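**Student:** Spelled out, the chains give:
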Amino acid sequence: MKTQERRGSSVIIISFLVSFMLLMMPLPDFMRLARPEWVAMVVIYWSMALPQRVSVGYSWTAGLVVDVIRDSLLGQHALALALVSFITIRLHQRLRVYPPGQQAATVFLIILINFLIILWIRGIIGAAPSLWQILIPTFTTALVWPFVFILMRYVRRQFQVS
Amino acid sequence: MFILVVLSIVLMTLDHRFHHVDSLRAGISVLIYPVRLMVDIPTEIGEWASDTFKTRKTLQEENLSLKTQNQLLKAELQKFNYVKTENMHLRALLKSSKEISGKVLIAELLSVDLDPYKRQVVINKGSNDGVFAGQPMVDAHGVMGIVTHVGLLSSTALLVTDPNHSLPIQFLRTGLRAVVSGTGDKNRFELLYLPNSADIKVGDEFVTSGLGCVFPTGYPAGKILEINTDPSLPFASVIAEPSAKLNQSREVLLVWPESRGTGENNPCRLNQEAKS
Chain A
1 MKTQERRGSS
11 VIIISFLVSF
21 MLLMMPLPDF
31 MRLARPEWVA
41 MVVIYWSMAL
51 PQRVSVGYSW
61 TAGLVVDVIR
71 DSLLGQHALA
81 LALVSFITIR
91 LHQRLRVYPP
101 GQQAATVFLI
111 ILINFLIILW
121 IRGIIGAAPS
131 LWQILIPTFT
141 TALVWPFVFI
151 LMRYVRRQFQ
161 VS
Chain B
1 MFILVVLSIV
11 LMTLDHRFHH
21 VDSLRAGISV
31 LIYPVRLMVD
41 IPTEIGEWAS
51 DTFKTRKTLQ
61 EENLSLKTQN
71 QLLKAELQKF
81 NYVKTENMHL
91 RALLKSSKEI
101 SGKVLIAELL
111 SVDLDPYKRQ
121 VVINKGSNDG
131 VFAGQPMVDA
141 HGVMGIVTHV
151 GLLSSTALLV
161 TDPNHSLPIQ
171 FLRTGLRAVV
181 SGTGDKNRFE
191 LLYLPNSADI
201 KVGDEFVTSG
211 LGCVFPTGYP
221 AGKILEINTD
231 PSLPFASVIA
241 EPSAKLNQSR
251 EVLLVWPESR
261 GTGENNPCRL
271 NQEAKS
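Chains as they are written, first to last, in this note's numbering: chain A, 1 to 162; chain B, 1 to 276.
Derived from the structure by calculation, the hints contain no laboratory data. Owing to the predicted nature of the structure, the values given are computational and were not obtained by experimental measurement. No residue lacks a Cβ here, since even glycine has one placed at the ideal position from N, Cα and C. Where hints are given, some of them may not hold.
[Unchecked claim] Listed next, the stretches of chain A that the computed footprint assigns to chain B, with coverage defined by at least 3 CB atoms under 8 Å from CB atoms of chain B:
id	stretch
1	22-32
2	36-45
3	138-145
4	149-162
[Claimed, not checked] Below, simulated SDA-like cross-link-like pairs (lysine to any residue); rule was C-alpha separation at most 20 Å, straight line:
id	chain 1	residue 1	chain 2	residue 2
5	B	Lys103	B	Phe53
6	B	Lys186	A	Pro137
7	B	Lys245	B	Leu153
8	B	Lys186	A	Leu33
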């Protein structure tokens, strides 16, 4: 039983690595602000699909890496992503059965909370971004979410990650 | 969850206040270095392809233009050599400190937009190559920015257009000193605290003044694009354009600040000693 429960760790790690790569991918200047939160989406997906495996700790570590990639204050994305994971794990049973539209709306709210945390932290250190700067990526994330969800579900079933 | 929240807050405080966690940051940055290289592969392939499949005609044209440019630069250099010796001579006469030209290192950009709210780049040289935090970075056209965090193999640098970046400058035409600060816009920065009556014109060029003891003196920094004087405001709003090609340069130069004289009353040296 125990061995069957922990299959496909490499798939989870690779999915995180791909999300880091997407985070670093250069974008044209007008799309800079609109970059979807890939890492947050991967965190939401795994917390929803496998809440018993991908815990808050995983997400926190991933957030720490995001902090280094973005060269932001060490711990701010870690805190935000840990919270994202926490909320998703709390809601995972509902999220799984939601129709795509409602799911995207919930993801929108979760990502907004993620950005609010970052906004607060940046506000405390005195470099707060403006509101539309956090709303645009939240919108794009919610728009991209259904496709990411379908892709990740396919990957999970294909490799039988459990 | 609670433990993680506390841990994050502790980490953030340590990072913000005391810079104790720089080694942790450097460690993680080494771990993600391969990922950065992988992201860079498509660009590398593109460059390799465009280099390899160039036609004979383009190569000839490029060669010709490079030759012309070389001639021009050589001619300029003759003048420069003369001016340099004259300058040295004058400085010797004045018994002031000698300028020793600094060491440089060529680095390549690994990735650009990291954080949508900042203007930063990652370069492929780190503490292995002797890069240090606070090191000036220039390109062939002018000042680009300053190194902020150093990893083992790569480091992060803040560009001059970042809102948190300020640069002490001096105008070539008038010798007026000012501070130029980034706006967050990709190719603009603004000159702060210039009175409405300051002697400036659109098109005026300015260079680094070296007053902050960070940048060496005399690197081209930018050019004034527009001046708006509103009598109701205490200062003129002056928008300028950086002379460095921030969006085009792929190779950057890291500069080791020239040691300006060995005298005991060298302000930069005193400043550094006070810090350490």
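**Student:** Go check the stretch 22-32 of chain A versus chain B for me, would you? Three or more residues, Cβ under 8 Å, otherwise it fails.
**Tutor:** Answer holds; 6 residues pass the 8 Å Cβ test.
**Student:** Please verify whether lysine 186 of chain B and leucine 33 of chain A have alpha carbons no more than 20 Å apart.
**Tutor:** Cα-Cα ~13 Å, so holds.
**Student:** Can the stretch 149-162 of chain A be counted as covered by chain B under the rule of three residues or more with Cβ-Cβ separation shorter than 8 Å?
**Tutor:** violated (count 0)
**Student:** Would you check chain B against the stretch 36-45 of chain A, counting CB to CB pairs closer than 8 Å, and say if three or more residues qualify?
**Tutor:** Contact hint for the stretch 36-45 of chain A vs chain B: violated, 0 residues under 8 Å.
**Student:** For the stretch 138-145 of chain A, do three or more residues have a beta carbon lying closer than 8 Å to a beta carbon of chain B?
**Tutor:** Per the Cβ count (0), the hint is violated.
**Student:** Is lysine 103 of chain B close enough to phenylalanine 53 of chain B, meaning Cα to Cα at most 20 Å?
**Tutor:** Distance of about 35 Å is beyond 20 Å: violated.
**Student:** Would you check the hint for lysine 245 of chain B and leucine 153 of chain B, treating anything up to 20 Å between C-alpha atoms as holding?
**Tutor:** violated (24 Å)
**Student:** Compare the distance between the alpha carbons of lysine 186 of chain B and proline 137 of chain A with 20 Å, and conclude whether the hinted pair is satisfied.
**Tutor:** holds (19 Å)
Consistency with the previously given hints fails for numbers 2, 3, 4, 5 and 7, ordered from lowest to highest.
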